[in-house]
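All chains should be modelled from the sequences, with the hints used to inform the complete structure.
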Amino acid sequence: MDNKLIAIFGYNSMSFELISQLSEKQHNLLILDDDPEKIELAEQKGLPAQLLDYRQDDELVDLGIGSQVATLFCFLEKDSENVFLTLSARALDQQLKIIAVVNHPDSAEKLLAAGASKIIDPYEICSNKVYQLLTKPSITWVLDQAVFGRADLHMAEITIPEHSILDKTLTSQLNLNMKYNLFLIGVVDKELGDKLYFSLGEQDHKLDVGDILVVLGANRDIRKFKKDIGVIQ
Amino acid sequence: MFLGVLSSKRFELTTLAFLMSFLIFIASTAIYMFENQNVGGQISDLYDAFYWAVVTISTVGYGDITPVTTGGRLVTTALIISGLGMLAFFTSIIVAAFNEKMSEFQDDRLKASIEKCTQSTILCGFGRVGQEIASQLHANKLNFVVIDIDEQHIALAQKKEYIALHDDASKNTTLEQAGINHGAKTVLCTTGDDVTNVYITLTSRYLNPDITIISRANREDNVKKFYQAGANYLVQPYTSAGLLAAEYIGQPVAFEAIHGILHDDKDVKIEAITISQNCFLDGVSLQKACFNQYKARLIGIVSDNPIHAKRRNRYKLHNQHFYFNPESSFVLHKGDILVLLGRQLSIEHLQDLIETSRLRRRTPWTIN
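Protein chains in written order, with the numbering used here: chain R, 1 to 233; chain D, 1001 to 1368.
By construction, these hints were calculated from the structure, which means they are not laboratory data. Check the hints yourself; a few may be wrong.
Only some residues are given here: those of chain D computed to face chain R with a beta carbon under 7 angstroms [stated by the list, open to error]:
hint: 1; residue: V1235
hint: 2; residue: Y1238
hint: 3; residue: Y1248
hint: 4; residue: Q1251
hint: 5; residue: E1256
hint: 6; residue: A1257
hint: 7; residue: V1268
hint: 8; residue: V1302
hint: 9; residue: P1306
hint: 10; residue: L1317
hint: 11; residue: N1325
hint: 12; residue: G1342
hint: 13; residue: L1345
For clarity, every value in this text was computed on a predicted model and none was experimentally measured. Where is the CB? At the ideal position from N, CA and C, for every residue including glycine.
The following block contains the structure:
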């Protein structure tokens, strides 16, 4: 994939999971923490880690925020630390993608105001999941597979390339479930902005180059579909 | 009830009675000495003295007998002051007794309300996660009992008028009191500590081998231990969050979709609908059912019916199977669970249709 750096602040169970997911996909990443013990732990596991004090703007610039770093994950322990890091990073780079973790629901707005692109609330995810398990366990399994791809089912997003056979077709003509054994979840129609339209059969979209399809299906079916429309050779 | 309150404070009340009689005895003797008719006072005999002492100590003070000598007035002052003290003592004893009775009464009421709960959920741990689950359960009118050892958490739960027990959830008695063997259907272990969660899981499994246990596991290393302890399902908040964050790097649009579905904030949802016996979809093929007309799309079907066993796209799921993207020749049977993507309203509409068609088909049978 690209050579842009992904910086992950804070080494804990959450970032460890993220790292193991990302390293499978060969991303260029670096763990940063101001606690030497955690850095040592990360290095013992053979992960690229570096001691860094996020409070110093100079050190953030040296790291490559504003130049090399494309994505920043704020996985520090306290909400206040994450807000501080988000503020500093946003001031250095307007284009940076910042994903922050939030511990207390009140902090979510503060993080967004500080400039985070996305926030993740692990406790909310957890409680929603418990509630779902309680009321409709079969859905949880399906979502788990789709979201986290632990079995063969995956969710994938496919951008329509240039000179593709899908250019100028309508979503209602796709019939992905018949032809490719894939389930179309939604479409991003660039003519209408970046919003994801769930595919519910209410609205038809004309597909153009650059539009994004979100599909659910088995790996081999997704690969076959990508090959046919010219995403991969 | 009043006698019960009094008998619980027998020692204090006897002490008070002794003190009172002693005080009245001393006061009436003293007043008789200072104020008898020989010295010019109004008290003729010991009975008068006793009457005067009782009227004064009780702060009634009719004033039909009044002291005239200096000695008599001194005795009166002393008696009034000690009388006030006695009265305060008596009141405090009664109030304390009623308070104790009151908390017992509340405990009884709590026990009664737990016993009334059926199909309830026992929620162990009322922290961030527990509170959110409780509010969702409450909003959907499901029964639940909160157990937490932290006083602040319990106070919060009581403020929201949830049924709450202030006790250690890993003790057998607490779980039994919460109804693990009568009425409870599920135990949720949502404390922030894996050791506590494993211990509660183990205790619950030991007390009730059939109950469903959903537990929160914070560390990946402990997952195996939870299953050994008897948990049915595990939720790993940090792992889920990490995976979700990883999704954002490669597939930001898919991330949005997942986020929307997980958060329930958009009105598009993934929902499960069970096919009930005799409903209009029982025995109907997917081609005829045509879910598109209800503005809902079928992702797949969950079923344990061996009739479907030869279908393609089969995924194992506990003791059932998930059939992803089933063919149009797939025939629905009772007990099959449809997994649909659609707007909340469309799905509710379909659910209503299933429910009413089931009732309608059943009526001719009951009439004949």
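Query - Cut-off 7 angstroms, beta-carbon criterion: hint that Y1238 of chain D touches chain R - result: holds, 4 angstroms
L1345 of chain D as an interface hint toward chain R, with CB separation required under 7 angstroms | Check failed: Cβ of L1345 of chain D comes no nearer than 11 angstroms to chain R, outside 7 angstroms.
Grab the minimum C-beta distance from V1302 of chain D to chain R and call the hint holds if it beats 7 angstroms, violated otherwise.
-> holds, 4 angstroms
message = Under 7 angstroms is the threshold here; is the Cβ of L1317 of chain D close enough to any Cβ of chain R for the hint to stand?
response = holds, 5 angstroms
*Does the interface hint hold: is P1306 of chain D within less than 7 angstroms of chain R, judged Cβ to Cβ?*
Since chain R brings no Cβ nearer than about 18 angstroms to P1306 of chain D, farther than 7 angstroms, the hint is violated.
Can the hint on V1268 of chain D be confirmed by a CB-to-CB distance to chain R that is less than 7 angstroms? Since the shortest Cβ distance to chain R is 5 angstroms, the answer is holds.
Practice item. For the hint on G1342 of chain D, just tell me whether its beta-carbon gets within less than 7 angstroms of chain R. Key: holds, 6 angstroms
Take the shortest C-beta to C-beta distance between E1256 of chain D and chain R; is it under 7 angstroms?
Holds, because the Cβ-Cβ distance from E1256 of chain D to chain R comes to roughly 5 angstroms (cut-off 7 angstroms).
Using the nearest Cβ pair, does Y1248 of chain D come within less than 7 angstroms of chain R? Check passed: Cβ of Y1248 of chain D comes within 6 angstroms of chain R, closer than 7 angstroms.
* To do: Hold the hint about A1257 of chain D up to the distance rule: shortest CB distance to chain R must be less than 7 angstroms.
  => holds, 5 angstroms
Exercise. Does N1325 of chain D meet its interface restraint, that is, does its C-beta lie within less than 7 angstroms of any C-beta in chain R?
Worked result: Where the cut-off is 7 angstroms and the nearest Cβ of chain R is about 5 angstroms from N1325 of chain D, the hint holds.
### Message
Just to be careful: measuring from the Cβ of V1235 of chain D to every Cβ in chain R, is the smallest value less than 7 angstroms?
### Response
holds, 5 angstroms
The earlier numbered hints that this structure contradicts are 9 and 13.
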